[in-house]
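K.L.:
Quick note: the sequence shown uses the numbering used here, first residue 1, plus one each step.
It is worth saying that the hints were derived from the structure and are not from the lab.
Careful: at least some of the hints might be erroneous.
Computed Cβ-Cβ distance ranges for the label pairs, DEER-style [claimed, not checked]:
1) Ile483 - Ala460: 16 to 26 Å
2) Arg315 - Pro526: 35 to 45 Å
3) Pro28 - Asp365: 46 to 56 Å
4) Glu244 - Thr370: 39 to 49 Å
5) Asp501 - Ala393: 16 to 26 Å
6) Pro450 - Thr370: 44 to 54 Å
7) Gly98 - Gly478: 27 to 37 Å
8) Arg504 - Ala393: 28 to 38 Å
9) Glu244 - Pro302: 18 to 28 Å
10) Arg26 - Arg504: 51 to 61 Å
11) Pro302 - Pro255: 17 to 27 Å
Just so it is clear, CB atoms sit at the ideal spot from N, CA and C, and this is done for glycine as well.
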Amino acid sequence: MPGSPGARRVTSVAALHLVLDAAAARAPERVAIEEAEGGRITYGELARLSNRFRDWLLASGVRPGDRVGIYLPKSIDAVAGIFGALKAGAAYVPVDPGSPPARAAYVLHDCAVRALLLDRSLWGPLEPELAASGGLLEGTGRGLALARALDAAGAPETPAPSGTVVPPLDSLAYLLYTSGSTGRPKGVMLSHLAALSFVDWCSEVFAPTDRDCFSSHAPFHFDLSILDLYVSLKHGARLVLIGEELGKEPQALAPVMAERGITVWYSTPSILGLLGQYGRLERYDLSALRLVLFAGEVFPVPALRALTRRLPHPRYFNLYGPTETNVCTYCEVPLPVPDDRTEPYPIGATCAHLASRVVDEVGRDVPAGTEGELVIAGPGVMSGYWNLPERNAEAFLVDAAGRRWYRTGDVVVEAEGGIYLFRGRRDRMVKRRGYRIELGEIEAGLAAHPAVREVAVVAAPDETSGVVITAFLGCHDGARPTIIELKRFCLERLPRYMAPDRFRFVDRLPRTATDKIDYQTLKAAP
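Assemble the whole structure, with the sequences as input and the hints as a guide.
P.N.:
Structure, rendered in structure tokens:
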């Protein structure tokens, strides 16, 4: 069985938020966070601002175990809000500011947030749907908006000296909402122990120091952000926040990487592929970059080869894992990538703080070299899904000793040396731009269109974009919507990354002998 038994509970601090206070105590004047647009804050200033927000939350009635929504663009204000929520003993719930208002409202209602920190520009569409205690910021950036809001609320400028709550390690630290097969997103519950065990594993493997400068490319509602935020701050490094718009522009990213002296880059392969293709990397001094980490989807070998030829000096690591485990396996990519290689690199060996098995449909171990489902156990695994007991029962395999193993749904083969090769998914879930997408959620969204009688969504691999999503629609007589109308309808109900690439109209969806939608026939359609 590859991987350790996952029994180690080595953590450097007693709670996730204490990484900031420890770093601030060591070097309060060191720059902690920079915004790509120019704002910056030191460790001491960030600690004080998060403490002020902590005190406001506690005075507002937030108690340990409550949930605090963070509905802001990526900014210093958002980071201070996250740490303030944790310091109050609450769990933070980051909400995608680009998601449709109805989806954002569902997330905040579902986990019953006790308080909400948001940009006023995002409040309008939510106001009729959301009745939560809200802290409204007039814009974001540099931490100034949060400070002004706290001033306006009468929060003392000097935080309480000992107000930080240190909850038990198994307490909920944050909720990340992922795509759900029922058409509604589901909340993944991660504890302080789950996050800290991962942060400490990263510290051992990647050896960060206070001389490092980390990128923060992933949004805070995406699990890649856990490495960005907490590994960098734990070690007193600088963290450069890269907003959503900048993050999509490879020609603009390369100069930021050079100017800020980024040493550790972490993102999905899709943006790295664009950097290699369009980033004009040879024009910039990227000699400071020592680590390139990627996760969330398969990195097509041609794109990886092109990137590593333009940027050959860093070490490259493929990190694999669903939100429910964060990273659970990893593999360093040996360079150079051979000209004749076509097979994607392995997802690698199990992280030292976790344990892994490969099992068949009934949970029995399969021999090495045989396809099976990867299951994971250990301190880094989620506590469960928020308020979904039936889904929790399906998500875990419990062995004879009573140990819970999370069913990843990923089909792998164990190769020589305990290295895993990824083979695909067991269910109707795909990964796109690093996000896991339940095709059923897209179907549920499109089914709400009044012109749609029936809908089926399929996905196919694509060498350029990773995956292409096609929606097949059967419509009521005389009620076929335009493609523009369908795209607009999707963007009102689904995150942008879930919108289908193609729409196909059919008179009737194909069915199997048991009258189920015949997805295989749809996949084979020209």
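K.L.:
Could you run down the list of hints and mark each one as holding or not?
P.N.:
Taking the hints in turn, this is what the structure says about them:
no.	hint	verdict
1	Ile483 - Ala460: 16 to 26 Å	19 Å, holds
2	Arg315 - Pro526: 35 to 45 Å	43 Å, holds
3	Pro28 - Asp365: 46 to 56 Å	51 Å, holds
4	Glu244 - Thr370: 39 to 49 Å	42 Å, holds
5	Asp501 - Ala393: 16 to 26 Å	34 Å, violated
6	Pro450 - Thr370: 44 to 54 Å	48 Å, holds
7	Gly98 - Gly478: 27 to 37 Å	35 Å, holds
8	Arg504 - Ala393: 28 to 38 Å	36 Å, holds
9	Glu244 - Pro302: 18 to 28 Å	27 Å, holds
10	Arg26 - Arg504: 51 to 61 Å	59 Å, holds
11	Pro302 - Pro255: 17 to 27 Å	25 Å, holds
Checked against the numbered hints above, the structure violates only hint 5.
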